[in-house]
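**Q** Residues per chain, in single letters:
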Amino acid sequence: MSDTRNIAVVVNGKSYERTVDTRRTLGDFLRLDLALTGTHFGCEHGACGACTVRVDGIAVRSCLMLAVQVNDKSVQTVEGLAKRDNLSPLQQAFQDRHALQCGFCTPGILMTMAEFLEENPAPSEAEVRNALSGNICRCTGYQNIVDAVLLTADMLRKNRDTAQ
Amino acid sequence: MSGTSFGASPKRKEDPDLLTGRGRFVDDIVLNGMYAAAFVRSPLAHARIKSIDAKAALAIPGIHAVFTHHDLPATLRERRLPLFVPHPTLTSRMQHALAKEEVCYVGEPIAVVVADNRYLAEDALQLVEVDYEQLPAVSDCKAGARADAPRAHLDLGSNIVSRMLSSVGDIDAAFRGAKHVFQEEIFQHRGGAFFMECRGVIASYDAAEGALLVYVSSQGPHRVKRALLDLFDLSDTQVRVVTPDVGGGFGPKGSFYAEYAVIAACAMMLGRPVKWIEDRRENFVATHQERDQYWDVEIAVDDTARIRGLRGTLTHDNGAYTPWGIVLPWISVATVPGPYVLPAYHMEMLSVLTNKVMATPVRGAGRPEGVVVMERLMDRVARELKLDPAEVRRRNFIQPSQMPYNVGVVFRDGRKVVYDSGDYPACQDAALRTIDYHAFRERQAEARRQGRYIGIGIGNAVEGTGLGPYEGAAVKVATNGRITVSTGATPQGQSHKTTLAQIAADQFGVPIDAIRVETGDTSKISQGIGTFAARTAVNAGSSVHLASVKVAAKAKAIAAKLLDVREEDLELRDGYVQLAAIPGSLGAASDNARQVRKSLAELAVIAAGMPGFAMQDGAEPGLESTAYFTATQSTYANGTAVVEVEVDIETGRVTIIRLVLAHDCGRLINPMVVDGQVMGGVAHAIGNALFERMLFDDQAQPLSTNFGEYLLPLATDIPRIEIVHQETPSPLNPLGIKGAGESGTIPTIAPIIAAVEDALSPFGVKILETPITPQRIVELLGDAALGRTR
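Taken in order, these protein sequences are the chains called R and V.
Residue 50 in numbering that gives the first Met the number 0 sits at position 51 of the first sequence; the count goes up by one each step and never skips.
Residue 23 in numbering that gives the first Met the number 0 sits at position 24 of the second sequence; the count goes up by one each step and never skips.
Keep in mind the hints are simulated off the structure, nothing from the lab.
Even for Gly, the Cβ is constructed at its ideal location relative to N, Cα and C.
Some hints could be false.
Stated by the list, open to error - Here are the simulated DSS-like cross-link-like pairs (lysine-lysine), alpha carbons at most 25 Å apart as the crow flies:
(1) Lys12/V / Lys523/V
(2) Lys82/R / Lys10/V
(3) Lys560/V / Lys523/V
(4) Lys72/R / Lys13/R
(5) Lys10/V / Lys157/R
(6) Lys12/V / Lys82/R
(7) Lys10/V / Lys475/V
Stated by the list, open to error - What follows is a set of in silico ranges between Cβ atoms, one per label pair, in the way DEER data are often shown:
(8) Gly56/R / Thr3/V: 55 to 65 Å
(9) Pro773/V / Asn85/R: 21 to 31 Å
(10) Arg515/V / Asn85/R: 17 to 27 Å
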């Protein structure tokens with residue numbers, strides 16, 4: 000029943016070579032083969048966004064992608080956001096604005112919003128809500144997440160202005 | 000209170016791990032040699048199992064076992080799952096861990112497959128052949144209550160498993176003399192919890208020790224442990240249940256499920272750790288939900304709109320078994336009176352078995368339904384008597400001077416509902432002021448001139464919180480000075496590690512990071528109930544306070560002896576017991592005072608005793624104390640939600656323009672956390688009011704089993720929520736706290752429905768159901784245009 004392939008992949012800047020079942024999802028590969036358990040499955044049908052990771056910079060649902068599809072690609076997971084123990088500006092804003100409660104959906108939301116802020120560094124609230132609408136959070140009512148994303152955009156903009 | 004943590008909003012202790020992927024949820028735990036399990040579940044709502052053939056499944060390499068009912072340990076075959084809350088009126092129906100001969104809902108576990116990994120286990124599921132004889136199913140509770148209905152279980156005499164009457168005052172007299180009587184039939188559906196982390200359990204059995212270790216995503220490991228002790232006939236110290244990080248609970252993770260017992264049995268029988276993680280499809284059919292209620296009610300009022308009485312019948316869909324007894328419909332009935340003077344009340348409750356997964360508490364636990372009933376009746380009275388809905392409510396409020404107020408009905412803890420404190424008129428006023436209620440009719444007229452339909456609605460609720468019996472806290476200072484708080488309370492996002500640390504930190508004079516809070520482990524504290532029903536801040540919070548006060552006093556007593564000073568001159572600060580700075584003294588003097596001090600570590604060493612030496616003054620050993628705060632009764636929080644909506648009459652889409660929630664949960668431990676709880680609760684109410692519908696066909700087959708068919712509210716559906724706090728301290732606990740976790744949900748469904756109806760008032764549309772979806776709004780508009788009533 001199982002067919003295997005060898006894959007080479009860079010995850011959070013580190014290179015791995017592994018033999019994987021062709022039917023293994025990317026999410027299972029990260030969680031089970033690399034022990035990167037920060038990526039969570041919330042629905043396994045691509046609806047909730049909890050398992051979102053970035054493949055070559057693009058946010059994808061790791062429950063719908065197979066591990067073999069990331070061969071020769073670069074993956075970033077929630078474990079790759081903080082530099083050592085320093086939270087990224089987005090992570091810090093999530094703590095400052097109480098944008099997480101149980102924290103289960105948070106990794107997927109962070110990965111989705113990280114990509115969004117790169118594409119749209121000065122979003123309106125409506126744009127943030129729209130970008131966030133592919134991720135389900137049952138705890139927060141979203142408001143503090145929206146505020147944390149807007150705060151991050153603001154801070155990054157100020158940092159850029161100071162740098163110039 | 001000696002410190003300043005209580006009432007502040009420090010950053011959460013939980014966050015750094017959760018933000019960096021270092022949280023530990025049950026599926027993140029990997030034990031050596033662990034197998035994975037998957038369940039064969041009934042595809043039919045009601046059937047007799049004729050045969051099960053697992054030969055083909057067992058032939059697959061990597062499949063280790065397929066167990067059915069008959070393979071389970073003897074005690075698990077003989078005993079049924081526990082009923083936690085029995086009641087004399089209840090004919091209880093409890094489930095076998097694996098179905099024996101009859102299945103009574105789609106999703107009921109029939110067999111378990113254990114394999115090397117989950118992929119293989121799920122492959123094998125398809126190969127387990129079960130032969131069924133399909134039986135007629137009960138899909139609707141009102142139909143199921145009829146004498147000629149098919150039975151939800153073959154051997155039931157009636158599907159009505161409980162009939163209970165709540166009665167206050169002389170109801171006949173109230174209606175006989177009434178100027179006006181208005182009758183309504185209201186249907187309500189609640190849907191499920193849909194926490195983002197599905198359920199999961201790992202069991203590991205050490206045969207040499209006879210020790211069972213269980214990791215489970217739950218709202219209270221102590222009750223899971225208790226159920227396992229009973230089901231397997233084990234001694235207290237043989238079972239340890241640990242709940243790691245939990246990805247949301249909202250009620251249903253407070254139940255004990257068949258899968259937990261079966262996975263424990265698998266670990267025992269196979270001698271290997273076994274993990275089961277629910278997938279979302281299973282979650283839709285096998286995790287408990289809250290369900291349909293039909294209310295047939297009438298209200299009697301005098302010509303000034305003052306209520307004389309309210310009576311009627313509640314028919315409640317209980318689902319296939321009764322794990323929580325009649326808790327849900329009982330709470331609904333007890334919540335109806337709310338903040339209003341209700342001289343006479345007479346409600347008959349029928350709890351009906353259906354062939355659907357069990358209905359047990361989901362955030363709000365029957366209360367939002369009670370509120371919808373009362374608030375719909377208030378709106379009806381206002382409409383009929385041509386009064387402002389806010390004014391009708393104002394005329395009926397219980398006044399603060401009437402506190403404590405005996406409502407007369409009996410709550411599910413067997414005690415009379417007695418409101419302890421609160422100012423209901425002020426709460427409504429605050430909400431109305433914030434939303435600029437008085438100018439609304441002008442806004443509405445202006446909108447209508449532009450062809451837009453906006454409406455406003457009000458919902459008031461009083462909420463029993465801090466339910467007993469207790470929650471404990473063990474506070475310990477180790478001999479290295481480290482402070483630990485252990486509790487049976489089990490967070491699922493409620494920030495216990497931060498808020499309980501705040502309470503302890505104040506007694507020890509330390510920042511919250513100096514307090515380690517341990518939750519959800521039966522080996523850390525012997526008794527526990529768990530986190531649900533907005534009970535933790537009150538029960539666990541009070542226990543943390545009481546135990547911390549004791550430990551601090553113990554530390555002072557030892558230090559006073561050593562330093563030869565009076566205990567009352569000492570204070571705890573930054574890990575030391577020291578002479579308290581005298582107010583107004585100069586810096587040098589207080590510096591000097593601070594040199595007269597003993598560290599908590601030294602004091603803990605002394606408190607631990609020395610081999611061969613007697614304890615000082617016969618003191619109890621250890622710088623530690625365990626407290627179990629026992630609430631004498633619930634403490635009652637209250638809230639008012641006011642909602643302004645716009646309805647698109649072409650598409651039926653409802654947009655919430657503004658939503659104000661004024662509420663009173665007593666003293667706030669952490670305002671940031673309370674606001675977070677309120678906002679999340681409001682979002683749940685919005686889902687209940689506008690989106691969430693768990694659909695079944697007439698044979699009780701679930702029709703909405705994924706997030707494409709069952710809609711949860713998204714970021715684009717939820718408005719900015721405006722919160723107004725009132726703080727009326729509860730007199731019933733040392734910190735003056737009331738519960739907050741459900742306060743956003745309970746009052747908020749009713750005003751959304753009311754606002755939609757108000758927006759559509761030019762068309763004469765009446766809304767007596769939840770949820771109200773766009774399709775349904777368009778349908779009601781069409782009916783109204785054609786002059787049809789429902």
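**Q** Evaluate each hint against the coordinates.
**A** Structure-based check of all given hints:
Among the hinted pairs, Lys12/V with Lys523/V is consistent with the structure: their alpha-carbon atoms are about 20 Å apart, no more than 25 Å. Distance hint between Lys82/R and Lys10/V is fulfilled; the C-alpha atoms sit about 20 Å from each other, no more than 25 Å. Between Lys560/V and Lys523/V the alpha-carbon distance is near 31 Å, which puts this suggested pair outside the 25 Å criterion. For a cut-off of 25 Å, the pair hint linking Lys72/R to Lys13/R stands: about 12 Å separates their Cα positions.
With a C-alpha separation of about 23 Å, the suggested pairing of Lys10/V with Lys157/R holds against the 25 Å cut-off. At roughly 19 Å between alpha-carbon atoms, Lys12/V and Lys82/R fall within 25 Å of each other, so this suggested pair holds. For the hint linking Lys10/V to Lys475/V, the alpha-carbon distance of about 24 Å falls within 25 Å, and the restraint holds. Between Gly56/R and Thr3/V the beta carbons are some 45 Å apart, a value that contradicts the proposed interval 55 to 65 Å.
Here the CB-CB span from Pro773/V to Asn85/R is close to 46 Å, at odds with the stated 21 to 31 Å. Between Arg515/V and Asn85/R the beta carbon distance is about 23 Å. The supplied range of 17 to 27 Å therefore holds.
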